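Novice: The task is simple: from the sequences and hints, build the whole structure.
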Amino acid sequence: MLIVIVLGYVVVGGVELFLWKERPWQEVLVYLLLLSATATFSVLLTIDAQLPVPEPLGTLWNWLQKLWQ
Amino acid sequence: MINESVPERQGAALVFLFIIGNSFVFGLARWAGRDLWLSFLVAIVLALPLILVYGRLDTLMHGQSFSEGLHRLFGKWPSRLVALIYSFYAWRLGCLVTGNITNFVQAVSLPDTPQVVMASAYAILVLWAVKEGIEVLARFSSVMVIFVLLILLTALALATTEVDLQEFFPILYDGFWPVFQGAFQLLDFPFLETVLLVGLANALTTKKNSAYKVLIPGFLLAAFFLMLVASASVAILGEEMYKITFFPVFLAIARIDIALFLTRLEVVVGVTFAIGGFLKISVCLLVASKNLAHALGFPDYRFLVTPLVLSIIPGSQWFAKSVMEMNLGATKIAAFTDVMVQIVLPMIFWGVAEIRMSRVRKNKAGKPSGI
Amino acid sequence: MKKGLARIFLLCTMTIVTTGCWDYTEIELRDLVMGAGVDAEDPKVIVITEMAKSIGVGQEAEFEPVVLTTDARSLTSGAHNLANPAGMEIFWAHAQVFLVSEEVARSSILQVLEPIVRARDLRSTMYLLVTKDCTVEEVFKSKPPLVDGVSRHLASVIRLSDVTTDFIPQQVWRFIGDLSSPGISGTLPGVELVHEGGALLPVVRGAAVFKLDRLIGWLSKEETQILALLKGESEGGFFVMDTEVKGNTFPITYEFRGSQFQTKPSVDGENLRMKVSLSLQLGVAGVKGADVDFSDLAVVNDIEGQVSRSFTRRIRDFLGLIQEDYNSDIVGFGQLLWRQEPAIWRKVESDWDAVFRDLPVDVDVDCRISFTGFHAQPIKVRN
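Protein chains in written order, with this note's numbering: chain W, 55 to 123; chain P, 23 to 393; chain Z, 268 to 650.
Keep in mind that the hints were calculated from the coordinates and are not lab data. Hints are not guaranteed to be accurate.
[Stated by the list, open to error] Facing chain P, from chain Z, some residues (calculated, C-beta under 8 Å):
1) SER391
2) ILE443
3) GLY444
All figures in this text were calculated on a predicted structure; none of them were measured in a lab. Where a beta carbon is used, it is the ideal one built from N, C-alpha and C, also for glycine.
Specialist: As structure tokens, this is what we get:
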């Protein structure tokens, strides 16, 4: 399953890059970084469906509440 | 940057569909129970000033592309930080809406289809729409708004035989507090999610001040329409049922039975939900891509669309892991994150923007032209 | 352009609305449940379903009812167990009636309602009924005279509620509404088996009275008629009343042609009263040999007075029954109070059972004979 997912992202990325008319290296770099991040995200979620959601603002809020008391 | 512009009417349709989008199927303002129409009125009154602020922000950026406008208002690095925050907020909202749709479809009609399949199908459509840009989305909404209104209003008209106005009495039996709770929930979702549309500023404002003409009618129409739908659902289902069910409108429409012939119309609710949800996800992803492009310092956003849209497939399964969680998320009273992004940050931006703009104006006035 | 768009809209709408598709399971693979019910056998429940077995294809297709029974720990698990004897996926969305045995209803009807509301494919427009003096299985195994299948028979009887007041039909959603809102108790129509020419026939009549979620007693057909009047659900039906005409008593048949009903709470200091006013429009359907001339106003007035007094008495008896014997507010006086006088309801809410028991009710009935068929006088028989 994981291999299929990763392969899917590779194929999408490859095809899309191939279709670009021009490929400035900055854009290609950012594109590849984001795509690999997305792929990692998908893989992580496939491995563990209960992956916790980080809540930086939630932590801040809890901290403020504690401060209040 | 490609110059994009959208006629006011289409813009208003986009705002309307964006607010209605995924929200009407939920038990909006269920905290207020039978007094929810009061919640709606309170929420509309509370939301209007903020919508005006959003409109003012749009107007201040008038005539410039979004990134130029942001840059001019806040300077280089602050504007990039702001863009990043909103990009993330938009992406998160897009994921949540996708999750709503996949959960709804699974709960209602396709229990055996994995949610990922639905999410992927949606992602492909959204990918296309976002790459086409705001103009296509606005045209899409100006056509679909008729379709959605037609379907829902017809369904509600047919349901009038089931309406019992006694359900609204007694008024304010439990006091004002539940009404406020309901109103805050409405502000949080879906009214103030309009904040995202600030990101589409230059496309939505063809003339100066036209931001108001897009946001205000779109918002008011959507708010009153939601009020109608929710009140009708309460009048049909009764307060208790409205409170405990996940999708009250769906249940209310299911009650329609015209002479044993016209029944099972709830399918059409699903259709409108699919249309509205699609538009909302597309707008969210459009805003997310545009903001991210600005944050990273690129003039065009289109190359960012694919990875962002693909990430809503896992994202939709991430934020809400079950239909209960989703419902809780949609009908919570207020979340810290949302309050920050929807109210606090826009107010700060507004203040900063006004001060900077007045300085710019003063400088211009002070300097004689031509020197 | 606009015309083309309109056409496309229309076509899209038609494809969506008129397919009749529910989801994407093949219809050959599923069995339609026409009606279902629950019997109790402590600690288990017995789930009974009546399915439609299709015979033939196309225009000649016919449905033959098949009754399946299984026992299980809960209604939901029983319903799913049925797939095995049925050999097909069971499709519930077309179920029209749901029967509950008296025993189940007496222990708590919630155990039945809760799964119905939770399930996505059971519709809240199903009709709920309670079996009286018989089990659900016996009802489903009886043979209705004209229609194939007990469920279809019951559903078509229920649709007769427009012309009869022997029972008050209750759909699932409405009954749940009565259970969950303050100041009103629910009732459900009863099903009985009667002997008719050597066969047992299911008949819908009377009402089961609930208090909270438990059945506590029954109303007869006549009492149900009064309940229907007081709930404003009476749309038609006949009744026979012994009427005195010129010193003799005749059983005259009357027909309900219309009724207006109003309840008003009135508060005088600490004393709470209910004022019930009912105005009835009656037709005369048969006089059974009575020599009565309905073109004579004095006679009509006299008869109207008799009917009014009779109804006043019947309503008083009925209120006595539900206030003192059952102490269950099935008319919804409490709900009315809650909606119209919330301030007073707040005071009596916690103590409503006791308040309701002693609640004074003024009854005011006004009857008008508005229709006497095609002629005002009886047929004259002469030597």
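Novice: For every hint, state whether the structure bears it out.
Specialist: Going down the list of hints, with the structure as the test:
1. Because the closest C-beta pair between SER391/Z and chain P is about 7 Å apart, less than 8 Å, the hint holds.
2. The interface hint given for ILE443/Z holds, since its Cβ lies 7 Å from the closest Cβ of chain P, which is under the 8 Å cut-off.
3. Checking GLY444/Z against chain P: minimum C-beta separation of about 4 Å stays under 8 Å; hint holds.
Hint check: no violations occur; every hint is consistent with the structure.
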